[in-house]
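Undergrad: Just so you know, the sequences run in chain order A and B.
Counting in this note's numbering, the first sequence runs from 1 upward without gaps.
Counting in this note's numbering, the second sequence runs from 1001 upward without gaps.
Just so you know, the hints here were simulated from the structure itself, not pulled from any lab data.
C-beta: ideal position from N, C-alpha, C; glycine also.
Some hints here could point you the wrong way.
To be verified - In silico DMTMM-like pairs for lysine to aspartate or glutamate, Cα to Cα no more than 25 angstroms straight-line:
hint : chain 1 : residue 1 : chain 2 : residue 2
1    : B       : K1058     : A       : E152
2    : A       : K146      : B       : D1068
3    : A       : K123      : A       : D222
4    : A       : K146      : B       : E1232
5    : B       : K1019     : A       : E210
6    : B       : K1019     : A       : D169
7    : B       : K1058     : B       : E1232
8    : A       : K146      : B       : E1044
9    : A       : K161      : B       : E1044
10   : A       : K146      : B       : E1233
11   : A       : K308      : A       : D169
12   : A       : K146      : A       : D169
13   : A       : K146      : B       : E1045
14   : A       : K161      : B       : E1045
15   : A       : K308      : B       : D1068
What the hints assert, rightly or not - Some chain B residues near chain A, calculated using beta-carbon distances under 10 angstroms:
hint : residue
16   : A1021
17   : A1023
18   : L1029
19   : P1067
20   : V1098
21   : R1100
22   : A1149
23   : L1204
24   : V1242
25   : T1243
Listed below, chain by chain, are the residues.
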Amino acid sequence: MSVATEIIAPPPQSAAARLADGLWRRPGLVVALLLAPALLWLAVVYLGSLATLLRQSFFSLEEFSGLVVEDYTLSTYAELLQPSNFEIIKRTVLMAAAVSVASAIVGFPIAYVAARYARGAWKAAFYIAVMLPLWSSYLVKVYAWKLILAREGILTWTFGKLGLGFVLDGLLALPGVGGGSLSTSYIGTFLVFLYIWLPYMILPTQAALERVPGSLINASSDLGATPWATFRHVILPLAAPGIVAGSIFTFSLTLGDYIIPQVIGSGRYFIGQAVYVQQGTAGNIPLAAAFTVVPIVIMGVYLAVARKLGAFDAL
Amino acid sequence: MTAFSGKRFMRSEGSLAVKIAAAAGLAFLLAPLAIIFVYAFTTEERSFVWPPPGLTLKWFGVTWDRPDVWAALMLSVRVAAVATILALVLGTLTAMAVSRSRFFGRDAVSLLVILPIALPGIITGIALRSAFATFDIPFSFWTIVVGHATFCIVVVYNNAVARLRRLSGSLVEASMDLGADSFQTFRHVVLPNVGTALLAGGMLAFALSFDEVIVTTFTAGQQQTLPLWMLEELIRPRQRPVTNVVAMAVVAVTFVPILLAFLLTGADEQTAATTK
Chain A
1 MSVATEIIAP PPQSAAARLA DGLWRRPGLV VALLLAPALL WLAVVYLGSL
51 ATLLRQSFFS LEEFSGLVVE DYTLSTYAEL LQPSNFEIIK RTVLMAAAVS
101 VASAIVGFPI AYVAARYARG AWKAAFYIAV MLPLWSSYLV KVYAWKLILA
151 REGILTWTFG KLGLGFVLDG LLALPGVGGG SLSTSYIGTF LVFLYIWLPY
201 MILPTQAALE RVPGSLINAS SDLGATPWAT FRHVILPLAA PGIVAGSIFT
251 FSLTLGDYII PQVIGSGRYF IGQAVYVQQG TAGNIPLAAA FTVVPIVIMG
301 VYLAVARKLG AFDAL
Chain B
1001 MTAFSGKRFM RSEGSLAVKI AAAAGLAFLL APLAIIFVYA FTTEERSFVW
1051 PPPGLTLKWF GVTWDRPDVW AALMLSVRVA AVATILALVL GTLTAMAVSR
1101 SRFFGRDAVS LLVILPIALP GIITGIALRS AFATFDIPFS FWTIVVGHAT
1151 FCIVVVYNNA VARLRRLSGS LVEASMDLGA DSFQTFRHVV LPNVGTALLA
1201 GGMLAFALSF DEVIVTTFTA GQQQTLPLWM LEELIRPRQR PVTNVVAMAV
1251 VAVTFVPILL AFLLTGADEQ TAATTK
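Chain B with its partners taken away, still in its complex shape (with noise of 0.2 angstroms):
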């Protein structure tokens, strides 16, 4: 927190461009999703055309009516919850493994843990896909959950163990020392420490399956969650104005877990945990 006091180089004037170019750069990153919020109340059907010749609650209506956006968004919701459930005990468990001890392969691990999502989407998506067709494997529900589990571990997994490195061992000490045995220490020292952890890391894993789009084009067989129904309307588009409001209320909607995760566990935990 103390770094960067230098009142000399604040004063100067490179400060000031360095200010400028920064603001500019957030400007980029948030005026896209400004944007979405203003389609969803255009009047025009047919193209993007700028600025929007009217505005109208009208397609609100239109995309509420429409079942093939609920049954997709139910989908993504089920997989989402499934998949989180799977990756919170998962990713749990071995945060405990590599932040209790230093034992060998632990790298490995670590490694093992992150690939899934250092690696290119699309090689998790045709792995798993050539994988189900060698084992002859119909694609189901479950075939969805298993690669979105598979990269929502390294979520939890991250959020777990920053929160851990903080939790002090001498806690654990002395809960054992005053008669707990391992599972009373767990269930009454070390999860009322990380459960903010484990539940903004679940709140981020849920937000991971719930949007995630290339390795599900390769998992889904016919079924159809919302990002899909998404990519569908984004090559052929059939109604625009029904997407615009899809759009809208997704953007609406990641709001949530991301301000939950910051009030959670604060920006410089975030921050450690996502880039980790």
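Next comes chain A alone, as it looks inside the complex (with noise of 0.2 angstroms):
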């Protein structure tokens, strides 16, 4: 008896494997431990942060003492949509939406020649093109852009030298969108825009001109199709659902900035600079957090329709 049980027991076993078996009997246990470290720490911290602020959203200043008043309303709200504070939220949102069409322009080519023709060396270099601007420094990206946009900068200079400075200045004596030179227009805040979230554009394009089959172009082509009506209608809509995944990068970035139409602009406020205003200097937090929520109303939404539109089939 005794001598049987000793053949049959398994060797003996240090505590680490006692634990790790007893874990691989229960895989939901595994999965739950392994989760909740990152899940606490987003939950707390960040979930936690964002109702903090929301909350704040429904408070209001009192006008005379600029004082927090505690009560639930919903007047902060009302705040929001009289007109210079609603202009502010309009200018944002035309400005997301141009940059976002722009670099859906700009950058389909590029994601087009990285995914279609550049192999081995090339496909590196098309790599190291759109990561080293995505990675480096954004204010360093911006600052180059203000040396670039100056009054006696790069771009007056070339224009000057092609003999096209009259262009530059038709352009900056456009009603609306010119100014006194690029660096204070708008057509300067866009064009950094364009330039800083451009590779969040063509990185989902490229993923999703990566899975579109050879065979699909071919089969256009020998059907006939020139190759202007097979990229309308072959590559095109296979490509839609990565424009849209990168839309959704430029738009929400462009919503949230405060910093480029700081330093590169015409000085009107976008939602960004309104936050940081009225939650600095202003001292209305209230404001501030109605301000806040608009972007991510504005998100919410967006990113339904893209879910439709099968962008996170592409993300």
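With the hints as a guide, dock the two chains, each given alone in a separate frame, to form the complex.
TA: Structure, rendered in structure tokens:
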């Protein structure tokens, strides 16, 4: 009897091995243990902070004392609809839309050539050319554009050398988007936004294009389609989820940015700047909080539409 | 890799226009970074005049002797190091949970990890600040780290998930069949396979934290990281040539993690991880 037990008994185990065996039998527990640290962190630090912020947006500011009244009210949200505040929201959304459309147009050829023609060393070169501006310091990029757009900077000089100075002056004289120099006009703000978020458009577009089978394009041209028809009816519909996915980034990032329009722009506020000023010098935390709800709601709607268009599968 | 092998379309006149547009786009992406390098050597002190009236190395020495630049740099490095370690631990664990099984709320977990970077940074920033104010937490080194770790998790997570998907489940099963327990399997089979992806994710997280300015404005109080120093110079310039040199140094330093991340994981995995 005792001999038999000795033979059957497994070799003595270390505590760690016993623990490992115990965990192996409970895969659910393992998943829970793996998830717990990050979920706790994100739920407490991130969602907790978001909740405190949202709560603030239902408070209001006592007009005379400048103190926050901690009674729940919707009056702060009503303030958003005042013409001066609503202008800020409209301006920001228009800029985000313009930047998204432009980056889709500028980014597509790059993504297309990178996905279709680039091989080996060229593939690496395209990767570096997109990744380097993506990962380079945000402020350094903004700074570079300040150098480029300054009145005495490169663009003015280039236009002058080409004898096209009048084109630049004409652009700056345009009502609404013009200004004293490129670095103090909406055109300048737009160019910098376009530059800084462009890689975020290129990468998902390229990923979507890489999944388009070459045989589809062959089939299209075999059946007599012109290159334009192939592009219009085969490539574009298949790349569309990638473009929409990219536009999530370009749109969201433009909505929330407050540094670019502050450094390069006409001085008129965007949502991000309004938030920054309201919570800082103006001390109106409830209004600042209500302003941050605007991009959250817009992005919520945007994401819901993007999901319908299949952009999440392309992410 | 076999995508787009259509020879006929390639020869058509349309493709030349596309290639020219792509080349122009790449020039648009890279030229501003090149310009930073030229301006670091300019002799002009007060304006951004182009072309530079002369070239000098003088400003490199001046920048080297500036204690405020060094202090900001050291703070940025310390914050990025701690935030990266936190993000590595949290991101890897979550990636293992998500890739090893399908469970209820799996999509919600992915969404929660991505949210801090999907919503505009200013929201994360002001939310953290209002939480710090509500609970009377004074600004410190740790308030900056908390903000940075929150949005760095996703970078590590994406890199780890991309690699774990490629890791064949039969490798793990073989290890267990041969008598290794879960910890030994993790140590000797999983870790060597995902190691380079984690290293790449860690470096990108470091780069992200090192460069972050929007969230940091709200969580730093009076402290100055290198990006905050840069922002101050952008809005209220004191000595432009010093800013030029710092900007050039920052671009040059960013080359390193991008190249290493590329060499460690390959272009396809990086494209997938960055866009996911």
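Undergrad: A separate judgement is required for each hint: does it hold in the structure or not?
TA: Structure-based check of all given hints:
no. : hint                 : verdict
1   : K1058(B) to E152(A)  : holds (23 angstroms)
2   : K146(A) to D1068(B)  : holds (23 angstroms)
3   : K123(A) to D222(A)   : violated (28 angstroms)
4   : K146(A) to E1232(B)  : holds (14 angstroms)
5   : K1019(B) to E210(A)  : holds (17 angstroms)
6   : K1019(B) to D169(A)  : violated (31 angstroms)
7   : K1058(B) to E1232(B) : holds (23 angstroms)
8   : K146(A) to E1044(B)  : holds (15 angstroms)
9   : K161(A) to E1044(B)  : holds (21 angstroms)
10  : K146(A) to E1233(B)  : holds (12 angstroms)
11  : K308(A) to D169(A)   : violated (44 angstroms)
12  : K146(A) to D169(A)   : holds (18 angstroms)
13  : K146(A) to E1045(B)  : holds (15 angstroms)
14  : K161(A) to E1045(B)  : holds (24 angstroms)
15  : K308(A) to D1068(B)  : violated (51 angstroms)
16  : A1021                : holds (4 angstroms)
17  : A1023                : holds (8 angstroms)
18  : L1029                : holds (5 angstroms)
19  : P1067                : violated (20 angstroms)
20  : V1098                : holds (8 angstroms)
21  : R1100                : holds (7 angstroms)
22  : A1149                : holds (8 angstroms)
23  : L1204                : holds (7 angstroms)
24  : V1242                : violated (12 angstroms)
25  : T1243                : holds (7 angstroms)
Hint check: violations occur at hints 3, 6, 11, 15, 19, 24; the rest are consistent with the structure.
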